[in-house]
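Asks: Listed below are the residues making up each chain.
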Amino acid sequence: MAQLITLIVAVVLIAGIIWWFFGKHQQEVSDATVSNNSQSATVVVNGGYSPETVILKKGVPAQLHFDMKDHTACLSHVVFDKLGVNKDLTKQPVTTIDIPTDKAGEYNFACGMDMFHGKVVVK
Amino acid sequence: MKLNSTNRFWIVFILTIPMLIQMLAMPFHWMMPGYNWVALVTTTIIMIIGAWPYWTSGWAAFKKHNANMNTLVAIGTGIAYLYSLFAMVTGRPVYFESAAFITVFVLLGDTMEERMHDNASNALQKLLKLQVKSAQVLRDGHFVETPLAEVQVGDIVQVKPGQKVPVDGVITSGQSTVDESMITGESMPVQKHAGDQVVGSTINGDGAIEFRATKVGNDTMLAQIVEMVKKAQTSHAPIQNLTDRISQIFVPAVLIIAIMTFTIWFAFLGATAVQAMLFAVATIVIACPCALGLATPTALMVGTGRAAKMGVLIKDGTALEEIENVKTIIFDKTGTITNGQPAVTDIVGNQSQVLQVAASLEASSEHPLAAAILQKAKAESVDYPSATDFQALEGRGVMAKVNGEGAFVGNERLAAESKLPSDLQQKLHTLQAAAKTVVIVGYAGQVIGLIAIQDAPKPSSAAAISALKARGLKTVMLTGDNQRVAEAIAKQVGIDQVIAGVLPNQKAEQVQALQKDGKVAFVGDGINDAPALTTADVGIAMGSGTDIAIESGSIVLVQNDLNGVVRALDISKKTFNRIKLNLFWALIYNLIGIPIAAGLFVSFGLQLSPEIAALAMAFSSVSVVTSSLLLNRVKIAGTTAA
Chain A
18 MAQLITLIVA VVLIAGIIWW FFGKHQQEVS DATVSNNSQS ATVVVNGGYS PETVILKKGV
78 PAQLHFDMKD HTACLSHVVF DKLGVNKDLT KQPVTTIDIP TDKAGEYNFA CGMDMFHGKV
138 VVK
Chain B
23 MKLNSTNRFW IVFILTIPML IQMLAMPFHW MMPGYNWVAL VTTTIIMIIG AWPYWTSGWA
83 AFKKHNANMN TLVAIGTGIA YLYSLFAMVT GRPVYFESAA FITVFVLLGD TMEERMHDNA
143 SNALQKLLKL QVKSAQVLRD GHFVETPLAE VQVGDIVQVK PGQKVPVDGV ITSGQSTVDE
203 SMITGESMPV QKHAGDQVVG STINGDGAIE FRATKVGNDT MLAQIVEMVK KAQTSHAPIQ
263 NLTDRISQIF VPAVLIIAIM TFTIWFAFLG ATAVQAMLFA VATIVIACPC ALGLATPTAL
323 MVGTGRAAKM GVLIKDGTAL EEIENVKTII FDKTGTITNG QPAVTDIVGN QSQVLQVAAS
383 LEASSEHPLA AAILQKAKAE SVDYPSATDF QALEGRGVMA KVNGEGAFVG NERLAAESKL
443 PSDLQQKLHT LQAAAKTVVI VGYAGQVIGL IAIQDAPKPS SAAAISALKA RGLKTVMLTG
503 DNQRVAEAIA KQVGIDQVIA GVLPNQKAEQ VQALQKDGKV AFVGDGINDA PALTTADVGI
563 AMGSGTDIAI ESGSIVLVQN DLNGVVRALD ISKKTFNRIK LNLFWALIYN LIGIPIAAGL
623 FVSFGLQLSP EIAALAMAFS SVSVVTSSLL LNRVKIAGTT AA
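Chains as they are written, first to last, in my numbering: chain A, 18 to 140; chain B, 23 to 664.
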């Protein structure tokens with residue numbers, strides 16, 4: 018009997034994992050706040066990036082603030098491969114990175130091991 | 023309270039000591055009095071200090087439909103700890119030490135990895151440290167100590183013996199030797215006179231020099247190198263697409279395997295719930311997506327940093343990966359294989375007399391060949407009187423009076439009027455056959471000798487090309503020059519194939535044609551090389567070349583020397599091989615470790631407890647970083663290990 022219950026629970030759990038991790042889910046997107054010819058957005062780092070996508074206006078100088086709430090080594094660095102940025106987020110509570118907005122385009126960012134991803138869209 | 027992972031590790035480590043003592047004393051049948059209570063208290067503190075961050079991070083990730091390393095650590099420690107609480111209440115054997123040891127090993131791995139990660143990226147800091155803080159700048163007739171940020175283009179800067187050159191510029195007075203090894207990798211100090219370029223952060227030798235600043239701030243060579251290395255170190259190699267795909271499904275897959283492990287042991291193989299649970303926890307804990315994730319970025323970081331120190335700037339991981347499959351290397355001729363400037367190669371006749379007469383005549387000429395002759399006269403310290411009654415003869419040469427006698431320098435048509443002795447006639451033909459431009463020198467109505475001029479190959483070209491051929495690469499020379507000149511140069515340096523008479527706008531087409539036989543690398547320096555540099559699978563730009571060429575290349579050689587191509591090839595291959603080795607190791611570790619932890623080999627007596635699994639996991643990621651750091655020690659052609 019215990020065996021049967023275990024089996025059923027296991028099947029349900031596996032199905033749940035597949036649905037939760039591989040199913041289609043909405044991603045968090047947010048626009049930057051624009052004020053006096055500058056714009057900024059804050060990305061909270063805790064078990065990933067929220068929001069995962071930040072939208073910036075083209076032509077307005079932009080700053081991205083990374084608010085570090087995670088205390089594990091996994092997310093300690095943020096890397097913008099196209100910008101040559103590799104910043105340690107653990108040195109200060111909030112790390113600010115300047116994003117060039119002269120051209121429309123996308124800048125991906127990821128943790129130091131390329132396991133967590135986010136992106137900045139300039140348009 | 024804010025603790026970093028090092029502090030957390032030490033606190034947790036001290037707290038595990040009582041459990042460690044108990045574990046070691048177990049074989050002697052000694053039981054610590056009130057062990058369960060000691061374990062409960064210490065493990066609870068360990069969970070709060072050491073494991074809690076993993077739980078919150080794992081949970082935050084879970085809510086975003088993400089799973090990672092932290093998820094696995096959180097589930098592993100969570101199950102062991104919560105089960106032990108339940109076991110204690112119901113009077114069963116507890117497993118607090120599993121939860122505690124998993125935490126301590128994971129923290130140990132994180133701490134070591136973080137430290138080594140910093141080591142891996144320190145090539146950049148070393149470069150930045152080369153920069154000086156201030157310069158001696160001429161202001162109102164005096165040299166004044168000026169902060170670097172205030173140095174302007176056009177300022178006259180003084181550098182005393184032994185000091186660092188603060189910014190890039192051109193020497194206006196003084197001479198010295200300059201150690202440029204930090205920028206070019208060239209270990210021999212270079213002689214510098216007025217008119218020569220100096221590069222910021224190189225070290226002045228024993229002479230004092232003054233120079234005019236030409237590049238400051240972010241435009242200096244060092245700043246450009248730093249920018250390039252930064253981008254290279256954070257760039258992606260295409261091979262990472264594989265790890266990205268694996269890492270997306272890795273953790274959920276491990277969780278499913280763990281559930282299956284528990285179910286199969288408990289429901290089908292008749293294990294107790296506790297045994298089945300230990301197998302499942304070991305499976306979760308041994309899996310290490312970190313090793314996979316670290317494999318490429320750390321090797322790229324160390325490899326590109328090492329390359330920069332040797333004067334090879336690799337712009338991104340793609341170039342590194344492409345060069346592995348390159349079959350053919352195409353060289354531009356002028357300025358790449360050759361010096362790019364005509365120079366005197368042979369003088370026939372009385373050396374000093376011939377040179378003296380020729381230099382006198384050419385001193386007032388603007389012909390490009392004249393510069394070569396004057397330079398030779400300067401190098402040989404030949405003094406020459408100034409000529410009078412100067413006459414330029416269109417398409418033939420120049421005539422003038424030197425010391426009152428008629429003299430000329432020119433081609434065969436000009437010499438036709440005086441008779442050319444037959445031995446000189448023969449020499450003339452030999453030199454011309456070697457694709458040299460020959461001028462005839464006459465004095466007092468007689469032909470006194472010949473001067474041969476050629477854009478000669480750089481001294482290092484032949485050795486570099488033979489080293490490339492030894493690596494099984496086909497070498498091709500592409501040039502706008504005529505076939506005869508091109509072939510003579512190709513013969514001198516040992517190039518396999520010559521494509522001559524190529525118009526600048528056809529270079530890219532020729533590269534495309536050669537691409538049909540496999541991947542190609544193109545080495546060039548001029549503006550007209552830019553399309554070819556972009557078209558080729560790997561574009562290698564000579565650092566002395568034009569900005570456009572440097573922009574177009576995916577690898578830039580700081581030193582104006584083809585040995586850099588050999589070095590670029592070596593370091594790229596070694597770095598890419600290291601990435602492959604790291605990935606292979608990370609995959610094999612998981613592929614072997616997970617089945618062992620799941621208890622697949624129990625019948626062979628092979629079984630892992632959750633704590634040993636955690637130790638293995640910690641060391642797998644540390645070993646990947648170690649392997650990348652060892653790239654600093656591999657042998658690269660023409661250099662010593664750092």
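Wrong hints could be hidden among the right ones.
[Unchecked claim] Part of the chain A face toward chain B, derived, beta carbon under 7 angstroms:
no., residue
1, Ala32
2, Gly33
3, Pro68
4, Asp98
5, Thr118
6, Ala121
7, Val138
[As the list claims (entries may be wrong)] To be clear about the criterion: a stretch of chain B counts as covered by chain A if any three or more of its residues have a C-beta under 8 angstroms from a C-beta of chain A, and this derived list gives those stretches:
no., region
8, 50-57
9, 152-164
10, 280-291
11, 460-467
[Claimed, not checked] Here are the simulated EDC-like pairs of lysine to aspartate or glutamate, each with C-alpha atoms no more than 20 angstroms apart in a straight line:
no., chain 1, residue 1, chain 2, residue 2
12, B, Lys253, A, Asp48
13, B, Lys253, A, Glu45
14, A, Lys136, B, Asp266
15, B, Lys85, A, Glu69
These aren't lab readings, by the way, just hints derived from the structure by calculation.
We put the CB at the ideal spot given by N, CA and C, even for glycine.
Asks: Does each hint fit the structure? Answer for all of them.
Replies: Cross-check of the supplied hints:
1. A distance limit of 7 angstroms between C-beta atoms decides the matter here; for alanine 32/A the minimum to chain B is near 10 angstroms, and the interface restraint is violated.
2. For the restraint placing glycine 33/A at the interface with chain B, the shortest Cβ-Cβ distance is roughly 10 angstroms, beyond the 7 angstroms limit, so the hint is violated.
3. Interface hint status for proline 68/A: violated, as the beta-carbon distance to the closest one in chain B is roughly 10 angstroms, over 7 angstroms.
4. A hinted interface residue such as aspartate 98/A counts as satisfied when its beta carbon comes closer than 7 angstroms to some beta carbon of chain B; here the least separation is about 5 angstroms, so the hint holds.
5. The interface hint given for threonine 118/A is broken, as the beta carbon of that residue sits about 19 angstroms from the closest beta carbon of chain B, more than 7 angstroms.
6. Look at alanine 121/A: its Cβ only gets to about 20 angstroms from chain B, farther than 7 angstroms, so that hint breaks.
7. Taking 7 angstroms as the C-beta contact cut-off toward chain B, the hint placing valine 138/A at the interface is violated, the least distance being around 19 angstroms.
8. With 0 residues bearing a CB less than 8 angstroms from a CB of chain A, the region 50-57 of chain B misses the requirement of three and the coverage assertion fails.
9. Counting residues of the region 152-164 of chain B whose C-beta lies closer than 8 angstroms to any C-beta of chain A gives 0; at least three are required, and the coverage claim is violated.
10. Three residues within the 8 angstroms Cβ limit are the bar, and the region 280-291 of chain B against chain A gives 7, so the coverage statement holds.
11. Only residues whose beta carbon comes within less than 8 angstroms of a beta carbon in chain A count, and the region 460-467 of chain B has 0; fewer than three means the coverage is violated.
12. Between lysine 253/B and aspartate 48/A, the direct Cα distance comes to roughly 27 angstroms. Violation of the 20 angstroms bound is thereby established for this hinted pair.
13. Distance check on the hinted pair: lysine 253/B and glutamate 45/A sit about 28 angstroms apart at the alpha-carbon level, beyond 20 angstroms; violated.
14. Distance hint between lysine 136/A and aspartate 266/B is fulfilled; the C-alpha atoms sit about 15 angstroms from each other, no more than 20 angstroms.
15. Among the hinted pairs, lysine 85/B with glutamate 69/A is consistent with the structure: their alpha-carbon atoms are about 13 angstroms apart, no more than 20 angstroms.
This entry does not satisfy hints 1, 2, 3, 5, 6, 7, 8, 9, 11, 12 and 13, going by the numbered hints stated previously.
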